[in-house]
Every structure is written in C-alpha cells, then in structure tokens.
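Asks: Residue-level listing of the chains:
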Amino acid sequence: MSQGIRGVTGAIGDRWRSLPGWQRFVAYAAGVAFLYYLPLLGIPGLTWFRTDYIEGGNSWAGVLFLCAVYVLIAIGLNVVIGLAGLLDLGYVGFYAIGAYSVALFGSTQSPVVQWIQQEFGLGTTWAVAWAACIPIAIAAAMISGVLLGWPTLRLRGDYLAIVTLGFGEIIRIVAKNMKEVTNGAEGIGAIPGPQGAPSADNNIFGLLDPKPWYWLALTVVLIMVFLVRRLENSRVGRSWLAIREDEDAAAVMGVQGFKFKLWAFAIGAALGGISGLLFASRQGFIQPAQFDAALSILFVAMVVVGGSGNMAGVAAGAVLLTYLPERFREVAEYRNLAFGVALLLVMLFIPQGLIPSRRRARELKDREKEAPANA
Amino acid sequence: MNWNALFENIGQHTIDGLAKGAIFALVALGYTLVYGVLRLINFAHSEVWMVGTFAIFGFWSLLGVTDNPPLGTAIMLLLGGLLVGAAASGGTALLVERTAYRRLRQKNVPPLIFLITAIAISLVLQEIFGLWQGRLVVGMPSLIKRETVLTIGNAEINNIQIIILVSALVMMVGLDWFVNKTRNGRAIRAVAQNPDSAALMGINKDRVIMLVFVLGGIMAGAAALLWDMRYQITKFDIGFVLGLKAFTAAVLGGIGNLRGALLGGLLLGVIEVYGATLTQSTWEDVFAFVVLVVVLLFRPTGLLGESLGRARA
Numbered sequence: 083m084s085q086g087i088r089g090v091t092g093a094i095g096d097r098w099r100s101l102p103g104w105q106r107f108v109a110y111a112a113g114v115a116f117l118y119y120l121p122l123l124g125i126p127g128l129t130w131f132r133t134d135y136i137e138g139g140n141s142w143a144g145v146l147f148l149c150a151v152y153v154l155i156a157i158g159l160n161v162v163i164g165l166a167g168l169l170d171l172g173y174v175g176f177y178a179i180g181a182y183s184v185a186l187f188g189s190t191q192s193p194v195v196q197w198i199q200q201e202f203g204l205g206t207t208w209a210v211a212w213a214a215c216i217p218i219a220i221a222a223a224m225i226s227g228v229l230l231g232w233p234t235l236r237l238r239g240d241y242l243a244i245v246t247l248g249f250g251e252i253i254r255i256v257a258k259n260m261k262e263v264t265n266g267a268e269g270i271g272a273i274p275g276p277q278g279a280p281s282a283d284n285n286i287f288g289l290l291d292p293k294p295w296y297w298l299a300l301t302v303v304l305i306m307v308f309l310v311r312r313l314e315n316s317r318v319g320r321s322w323l324a325i326r327e328d329e330d331a332a333a334v335m336g337v338q339g340f341k342f343k344l345w346a347f348a349i350g351a352a353l354g355g356i357s358g359l360l361f362a363s364r365q366g367f368i369q370p371a372q373f374d375a376a377l378s379i380l381f382v383a384m385v386v387v388g389g390s391g392n393m394a395g396v397a398a399g400a401v402l403l404t405y406l407p408e409r410f411r412e413v414a415e416y417r418n419l420a421f422g423v424a425l426l427l428v429m430l431f432i433p434q435g436l437i438p439s440r441r442r443a444r445e446l447k448d449r450e451k452e453a454p455a456n457a
Numbered sequence: 355m356n357w358n359a360l361f362e363n364i365g366q367h368t369i370d371g372l373a374k375g376a377i378f379a380l381v382a383l384g385y386t387l388v389y390g391v392l393r394l395i396n397f398a399h400s401e402v403w404m405v406g407t408f409a410i411f412g413f414w415s416l417l418g419v420t421d422n423p424p425l426g427t428a429i430m431l432l433l434g435g436l437l438v439g440a441a442a443s444g445g446t447a448l449l450v451e452r453t454a455y456r457r458l459r460q461k462n463v464p465p466l467i468f469l470i471t472a473i474a475i476s477l478v479l480q481e482i483f484g485l486w487q488g489r490l491v492v493g494m495p496s497l498i499k500r501e502t503v504l505t506i507g508n509a510e511i512n513n514i515q516i517i518i519l520v521s522a523l524v525m526m527v528g529l530d531w532f533v534n535k536t537r538n539g540r541a542i543r544a545v546a547q548n549p550d551s552a553a554l555m556g557i558n559k560d561r562v563i564m565l566v567f568v569l570g571g572i573m574a575g576a577a578a579l580l581w582d583m584r585y586q587i588t589k590f591d592i593g594f595v596l597g598l599k600a601f602t603a604a605v606l607g608g609i610g611n612l613r614g615a616l617l618g619g620l621l622l623g624v625i626e627v628y629g630a631t632l633t634q635s636t637w638e639d640v641f642a643f644v645v646l647v648v649v650l651l652f653r654p655t656g657l658l659g660e661s662l663g664r665a666r667a
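Top to bottom, those sequences are chains A and B. Add 82 to the 1-based position in the first sequence for the numbering used here, that's all there is to it. Add 354 to the 1-based position in the second sequence for the numbering used here, that's all there is to it.
Okay, chain A solo, but in the shape it has when bound (with noise of 0.2 Å):
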C-alpha cells in the first residue's frame, strides 16, 4: 500500500514537472481561482463536501479559515521539523504568542492597553492599530524563538523535544497566572481586525461572515507558501537539508550548524505568531486554556502524517486533519484517538508520510538498507 501511494504521488509529481511553464502557470492560476472560490461552493456533487450540509455542522467558510490557519501553521512548523529536522514540540507558544500580541495591544480589555493608556493621557478608546499590531506580534514570536532556541539548539534532538513541550506549557502557565497582564485565565475579548475593534459596524470583517476572513488567510498562506519555497530553495535552504541529513558532514563543509537552525527556529516561530494572530483577530477572544500541549501535538500531527519536508504534504496533512472532523461530526468525540492512530500508522508504515518529499524518503531507504542485522 504504502508503495501505492509513493508512486503514485511521485509519478504525479513527474508528469507535472516535464509540463511546459506555461501550461504550469494556467494549472497554478485555476488552482488559485478555485481556492478563492470554495466558500461560495455550490456545484451539484461537490456540496457533499461542504461542513454546513449536515446536521449541527459548522459554517464552511469558518472551517476553511481554521484549515487556512492550521496550514499556515503546518508551512512553519515544517520549516523547523521538516526542513531543518529539529522536532519542535511546543510550536502552541509562538502560537499563542502571535495571539496575545494583538490581544495584549490591540485590544482596548488588556491591561497592557490600559496601563499605556492611562500613563500617557489617552482616551479609554485608544488601542494600537490591527496593522501595527502585525509587526509586534511577528518580533514577539521570532523573539521568542530566538530566546527558546539560544540556549537549547545545541542540545541532542531528543533533549530539545522535551525543552520545547516544556516551552509550550510555561507560555501557557504564564498567560494564566500573570493577571496583571494577560487577564489570566478569563482571557481577553475585543480583538481587534483589519477593520479595527469588533463592532456592528464592520461590514467586511465582522464576527458574522467568516468569508473575508478566509480570503484574507487564504491570501496570507499563498505568500507565505512562495515565500518559504524560495527560501527552500536557497542557500539557507540548503544549509537546513545539509544539516538535517547529517549535522558533522555539514559543519565540516563550512555549514554552521548553530546559526541557521536558529533561523529555522526564528522563520517558523514568526509563521506561528502570523498564524496566532489571525486566529485571534477571528476569534475577537482568547483566553490560556486554548493553547494547550494537545495542540502542539496536532500541529506535529499535521506536518508529520503529510509528510515532513514536503509543503504540498504538509498542507495536505493540516487540511485533513482540520477538515476530516469537522465534516464528519458524529465520531467528533474520537477525533484525538483517531488522529493518535493516524499518526501512529503513518510512523510505523510509512514514515515519510502521505506525500512524501522524495529526498526525505529515500533518506529513510538508506538508513534502512544500513540497519544492523540482529537489531
């Protein structure tokens, strides 16, 4: 089966390539054009798929912007897991990083918000605008991963793991347990959008139409996905495959390992802290109990069961993985089990995922075929 599958996606990928470029850029384009259509889905046959046809089904522009998110998340996290190969357990934290940024400044409920306001004369509706709130919440996350990653990078994979599990929940303790600031576990609403504080007024981006709000994510993944790709394929790009694939062979050939597995950490932490902050700005609320250790599981899930180092893969995985229990609601209780098995299927059978990048696959055949014989 797993064989299938791998052939299939690389005879696909195949074909794809020898296509002439312009042929390519049409395909692109529809691609594209399709996407931006699909809140709006209505052709006979293909409404099966959308989540508002069954019973107690949430809204499908809603769920598209939640699988928006989750594959911007899954571009990140690939970046750092899929790329550079350093298994980032608490991704949740640049997350819900991202998240308090434009809760903690743009919102006129946070104290940080009010304590500014107050120091300087400020009327109560002032708050710092959804647009600079962008920038603050990317520096926060990179910063973040920087701090995070300093310290730990140079410790073996498996300690680095562990670190960054811990990372995830001490970001998440914290944003509790500081009320000053954060609210605490009450959380803070009046997340500002694009469109400024929620209100009846905002005819674009309100809490009702999640339309808009997809098109937006939508637009942000898009460049996001070109921008990662030619960063991938790049110096820095093949530095991280150089170091993935092995660490002392890379420093020997004047790679420094260090330096650019603390830019993956950095890239990734600002797509989580990009991705946190549309969440967020969604959302119009957030509170700590949201960014729990599960989810950090789930994003590994997604990069991992779609194929780590393959973007296609990845934002396969995510897709699925937000998707597939939002459509079928009846077995919703057992989606973490479901998602447990899934994952651990694909480690076990194919662990270089559903649509594998080809380099990674045949990493994993070569250390196989090296395997000891009484191991």
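If you are wondering where the hints come from, they were derived from the structure by calculation, not from laboratory data. Hints are supplied without guarantee of correctness; some may be wrong.
[To be verified] Straight-line Cα separation of at most 16 Å, EDC-like style, residue types lysine to aspartate or glutamate; simulated pairs:
| # | chain 1 | residue 1 | chain 2 | residue 2 |
| --- | --- | --- | --- | --- |
| 1 | B | K499 | B | D560 |
| 2 | B | K461 | B | D560 |
| 3 | A | K293 | A | D134 |
| 4 | A | K258 | B | D639 |
| 5 | A | K258 | B | D421 |
| 6 | B | K461 | A | D134 |
| 7 | B | K461 | A | D448 |
| 8 | B | K461 | A | E452 |
| 9 | A | K258 | A | D374 |
| 10 | A | K447 | A | E327 |
| 11 | A | K258 | A | D240 |
| 12 | A | K258 | A | E268 |
| 13 | B | K461 | A | E445 |
| 14 | A | K341 | A | E329 |
[Unchecked claim] Which chain A residues stay away from chain B? Per the calculated CB distances, all over 10 Å, these:
| # | residue |
| --- | --- |
| 15 | G205 |
| 16 | V228 |
| 17 | R238 |
| 18 | L289 |
| 19 | L290 |
[Stated by the list, open to error] Ranges between beta-carbon positions, derived for each pair:
| # | chain 1 | residue 1 | chain 2 | residue 2 | range |
| --- | --- | --- | --- | --- | --- |
| 20 | A | G103 | B | K461 | 37 to 45 Å |
| 21 | A | E452 | B | M430 | 51 to 59 Å |
| 22 | A | G124 | B | R456 | 48 to 56 Å |
| 23 | B | E501 | A | I136 | 56 to 64 Å |
| 24 | B | G659 | A | V263 | 37 to 45 Å |
| 25 | A | F431 | B | M430 | 43 to 51 Å |
| 26 | A | Y135 | B | V491 | 44 to 52 Å |
Using N, Cα and C, we set each Cβ at its ideal position, and we do this for glycine too.
Following the hints, complete the assembly by docking chain B onto the known chain A.
Replies: Just chain B now, kept in the frame of chain A:
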C-alpha cells in the same frame, strides 16, 4: 516570594518533598532504563504509569473497597494493588515495545521518528482511557488513614509518607541489585555498554530490551500504587505532567544512571515543594521545566553522569 513560609517549616517541606520525589524517582527509572539500553526517550512511559493508576483503581472498585478498612485488609489490598499495577504497567510497556518500537528498530529510523511514535502511543492510550473512563478526575477510597507517627522538631511525618519512602527505597534497592548482581542484569549492562559485542557474546538483544521495558513498567506500577494511595485520584491525562517531571528527575540525576534517578527524583520533589511554598502553588509546575533547562545547559550528563550499571568505556 514568601520566604518566611518556607523557612519556618523547612523540615516539613523537606519531608513532603522527599515523599513526592520518591514517586518521581520510581517513574524516572523507566526512562533511565530504556535510555541506558536504547539511547531513546520512551515518551510513552508516562502513559504506562497512567494505565497502572487506572488498573489499581479498577481492582479496588471491583472488590468494593470502602474508606479506611481494617489494617490487615488494607495491607492485602495494597499488596494486591502492587501486583495488579505492576502487571498492568509492565504489560503495557511490553506491548508498546513489541508492537511499535521493535518494528522501528528493525527499520533503523532516525530518533525523531521514535519520539513521534511514542507521542502517538501516548495520545492513543490517553484517549482510550478518556473515552472509556470519562474525562473527569476519578476518585478512590483511602486505604490507610493518615496519622502523624513521628515528629522531628516541628516537622510531622505521617504514616503514608513513611510507606512511600520505604517502599520506593525497597523497590529501588531491589532493582539496583537485579541490574548489578544477577545474570539478567549483567546482560542488560552488556547491551547498554555495547549492543553489538553483547550480541556476539550470545546475549539475545531483543530479550534484554523486552526485560528492560518490563522492569521500567513494574517500577511505574509501583509508583502508580503509591500515587493512588497518597493522592487517591487519577485522570486520563494525568501522565503528561508527571511524565515530564519524572523525565526531568532522570536527566537531573544523569539519564541512564539508576542511582541518579533516585537522587534526581528526591531532589526534584524537594525543589518543587520549596518552589510551591514560595509562590503559593501558582507556579508549582514550572519549576520542573526550569530545572530541566538549567541542568541541560550546564551539566547535560546530570549530577551523577550517564551510565547504566558501571562506567561506560
């Protein structure tokens, strides 16, 4: 920071910390044994322990145990619980090794894949118990009534703390003896030192690895019994935090080092109780992570160094 609360009762906090740490130490042994032999972190070990807590709970509720039975009955129930817990945890550990890890070892996959597999196993075990036993805290009867039996200065030591400390020490001395003095223990140490040479000397590596998983599971089962007796609760996701703390204890003492796990566990328990007193409990769970990061930064081999049994060449 509430330094007064700490220093006025420092003896009491130390005793509480040691009793807490003894449970960490027993769970830490499972991480240390597997790491010593396979150089892998068995992330699913926390769930092996969780299964033990539920098995003992199930055993007691099957017998219809009520609060504070007569002493003789209580002792029988505790010994029975030890057997049930050890069997459940040991069996789970063995199952995990046979169904998942062995397959991965044969494929010689990178360590990250082991770790992700272990996380998947944790999630599956947690969810099975979450769906089966509900997602709320499960309470159980108290078998032994808490009574102060010893007073040193103003520190009061109760009977449950004594039972925990003594039985944890007995289990650990027994394990240390097994690994250092018996034929099977010698095989474990041989595989830990050099798996290939051990195989050439006629040691069945797979059997040794299974033995190591079972031993770790039995220790986790004992820890589960002490936990059930002391805290009288369990929950489907209770393993997560305790597992992290036990792992921290193992790293603190030197992962792969049995005596290190004891030292690390007791030390971490004391640090945590001191920390909780200083911060009025709100930051209790953060101390383990901070200790872990500090140890990994300044002494990644732990206080007693990494090795199973004797020093590694």
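Asks: Hint by hint, say whether it matches the structure.
Replies: Hint by hint, here is what the structure shows:
no.	hint	result
1	B:K499 with B:D560	violated, 44 Å
2	B:K461 with B:D560	holds, 14 Å
3	A:K293 with A:D134	holds, 14 Å
4	A:K258 with B:D639	holds, 12 Å
5	A:K258 with B:D421	violated, 36 Å
6	B:K461 with A:D134	violated, 44 Å
7	B:K461 with A:D448	holds, 10 Å
8	B:K461 with A:E452	holds, 9 Å
9	A:K258 with A:D374	holds, 11 Å
10	A:K447 with A:E327	holds, 13 Å
11	A:K258 with A:D240	violated, 28 Å
12	A:K258 with A:E268	holds, 8 Å
13	B:K461 with A:E445	holds, 12 Å
14	A:K341 with A:E329	holds, 12 Å
15	G205	holds, 34 Å
16	V228	holds, 15 Å
17	R238	violated, 8 Å
18	L289	holds, 30 Å
19	L290	holds, 32 Å
20	A:G103 with B:K461: 37 to 45 Å	holds, 39 Å
21	A:E452 with B:M430: 51 to 59 Å	holds, 53 Å
22	A:G124 with B:R456: 48 to 56 Å	holds, 51 Å
23	B:E501 with A:I136: 56 to 64 Å	holds, 59 Å
24	B:G659 with A:V263: 37 to 45 Å	holds, 41 Å
25	A:F431 with B:M430: 43 to 51 Å	holds, 46 Å
26	A:Y135 with B:V491: 44 to 52 Å	violated, 38 Å
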